[in-house]
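Residues per chain, in single letters:
2 protein chains.
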Amino acid sequence: MSLKLYYNLMSQPSRALYILLKTAKCNFEPKVLNLTKGEHFSEEYTAINRFQKVPVIDHDGFILSESVAIIKYLARENLIPESLYPKESKLQARVDEFLEWQHIELRLHCAMYFRTKYMNPILFGTKYDAKTLEGYTHRMESALEKFETHWLNNGTEYIAGDSITVADLLAVCEIEQPRMAGYNPADHFEGISKWSKKVQEYFNPHYDEAHVILNKIVNKQAKSAAKL
Amino acid sequence: MSLKLYYNLMSQPSRALYILLKTAKCNFEPKVLNLTKGEHFSEEYTAINRFQKVPVIDHDGFILSESVAIIKYLARENLIPESLYPKESKLQARVDEFLEWQHIELRLHCAMYFRTKYMNPILFGTKYDAKTLEGYTHRMESALEKFETHWLNNGTEYIAGDSITVADLLAVCEIEQPRMAGYNPADHFEGISKWSKKVQEYFNPHYDEAHVILNKIVNKQAKSAAKL
Numbered sequence: 001m002s003l004k005l006y007y008n009l010m011s012q013p014s015r016a017l018y019i020l021l022k023t024a025k026c027n028f029e030p031k032v033l034n035l036t037k038g039e040h041f042s043e044e045y046t047a048i049n050r051f052q053k054v055p056v057i058d059h060d061g062f063i064l065s066e067s068v069a070i071i072k073y074l075a076r077e078n079l080i081p082e083s084l085y086p087k088e089s090k091l092q093a094r095v096d097e098f099l100e101w102q103h104i105e106l107r108l109h110c111a112m113y114f115r116t117k118y119m120n121p122i123l124f125g126t127k128y129d130a131k132t133l134e135g136y137t138h139r140m141e142s143a144l145e146k147f148e149t150h151w152l153n154n155g156t157e158y159i160a161g162d163s164i165t166v167a168d169l170l171a172v173c174e175i176e177q178p179r180m181a182g183y184n185p186a187d188h189f190e191g192i193s194k195w196s197k198k199v200q201e202y203f204n205p206h207y208d209e210a211h212v213i214l215n216k217i218v219n220k221q222a223k224s225a226a227k228l
Numbered sequence: 001m002s003l004k005l006y007y008n009l010m011s012q013p014s015r016a017l018y019i020l021l022k023t024a025k026c027n028f029e030p031k032v033l034n035l036t037k038g039e040h041f042s043e044e045y046t047a048i049n050r051f052q053k054v055p056v057i058d059h060d061g062f063i064l065s066e067s068v069a070i071i072k073y074l075a076r077e078n079l080i081p082e083s084l085y086p087k088e089s090k091l092q093a094r095v096d097e098f099l100e101w102q103h104i105e106l107r108l109h110c111a112m113y114f115r116t117k118y119m120n121p122i123l124f125g126t127k128y129d130a131k132t133l134e135g136y137t138h139r140m141e142s143a144l145e146k147f148e149t150h151w152l153n154n155g156t157e158y159i160a161g162d163s164i165t166v167a168d169l170l171a172v173c174e175i176e177q178p179r180m181a182g183y184n185p186a187d188h189f190e191g192i193s194k195w196s197k198k199v200q201e202y203f204n205p206h207y208d209e210a211h212v213i214l215n216k217i218v219n220k221q222a223k224s225a226a227k228l
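Chains A and B, in that order, are what the protein sequence lines are. Per the UniProt record's numbering, residue 1 is the first one in the first sequence, and the count goes up by one each step. Per the UniProt record's numbering, residue 1 is the first one in the second sequence, and the count goes up by one each step.
Source of the hints: derived by calculation from the structure; they are not laboratory data.
Pairs involving identical chains hold if they fit within one copy or between any two copies, as the list cannot separate such chains.
Here are the simulated PhoX-like cross-link-like pairs (lysine-lysine), alpha carbons at most 20 Å apart as the crow flies:
{"id": "1", "residue 1": "K146", "residue 2": "K53"}
{"id": "2", "residue 1": "K4", "residue 2": "K90"}
{"id": "3", "residue 1": "K131", "residue 2": "K117"}
{"id": "4", "residue 1": "K127", "residue 2": "K227"}
{"id": "5", "residue 1": "K37", "residue 2": "K53"}
{"id": "6", "residue 1": "K117", "residue 2": "K223"}
Please take these sequences and the hints and turn them into a complete structure.
Below you can see the structure in the form of structure tokens.
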């Protein structure tokens, strides 16, 4: 069996897949793409993923993009523990319900805030417009509130029931993203803070390992902000 | 077995599920929600779906939201044909890859155009801002172009291979949405036009039946536009 993971730890679903495979003790060949050098736009990588994004897997020649589709495929191929993506139909449906919900309801808003405040100024050398950022901040905070109310304070220990699943892993990696732009969801939402600590602990030491670069950026940004 | 479908045919994933269940000859109790009367915000419906959205299924008391999660659940419960959602791991992964891709890459942009140009003026009595609409139109057209290039002109007959699957059904219902706001993707993209005809034909007579209300709105809007 040969499994390659194309990824970059600045990408939230890349981190989730990296942590998942490490936790599952599933051997894979790491293929890191330097996104700031634009390696994902290269001809070679475009032939692997026409969407020029990470993460992607190559499993014995079968190439697949989209983190949620990848997780499900890995589960069917018995490469990740059943506890993290249950085979039982109703339990699996609860996990799927979150995995589908999060795209537009959580991921989009955290990503847009991060992109507007942190990424675009680096990529295009432009400063963000304060009013635009205010709109994105508001939408992200609404999304985080909805996430906390409807998935974390919903009577179960974790997102999709009383056990940790890939739903928790994907979500926790997502809410790390705005930290690089100076917003830590755990500072604003008690439910998110408690839950994320439990999830991080479960996936450690791989969780911290996957977040070394991100945490360096968070600290650097905090120092710059303190100087202002 | 008791299956209830809570839906409204103005909602694109509602139409997809309605057509899917009819095509599968799967008996279900139709539960239509009047969205303009705000029935989805009622206490009774909020107890069924805390997100106050359609579609939702109730299968012998098991309540599930999120159309993609519902499709996968129905497949596991053998309530829809295997050809439309293959059990074979790699074929299923190709369908999943699209189902995950479409949320932010296609659905979001068609929905935002529809909402801005058609829905918000009705709901809030406000006229859209021309520059804002221009931005949404541009993003929707880019999304449709990406969809045509990478999924339709990708060397296979349908989205996820040479057979029709739920990926085609979900996508074709999605691109009907902007028609209500006066934009028909099939008029602008030849590949989309050819493909959508084949998919509609496959799912008829249920396809047309599910689009009666939508087509009435499209015709009414076209007449109003002609008078201007």
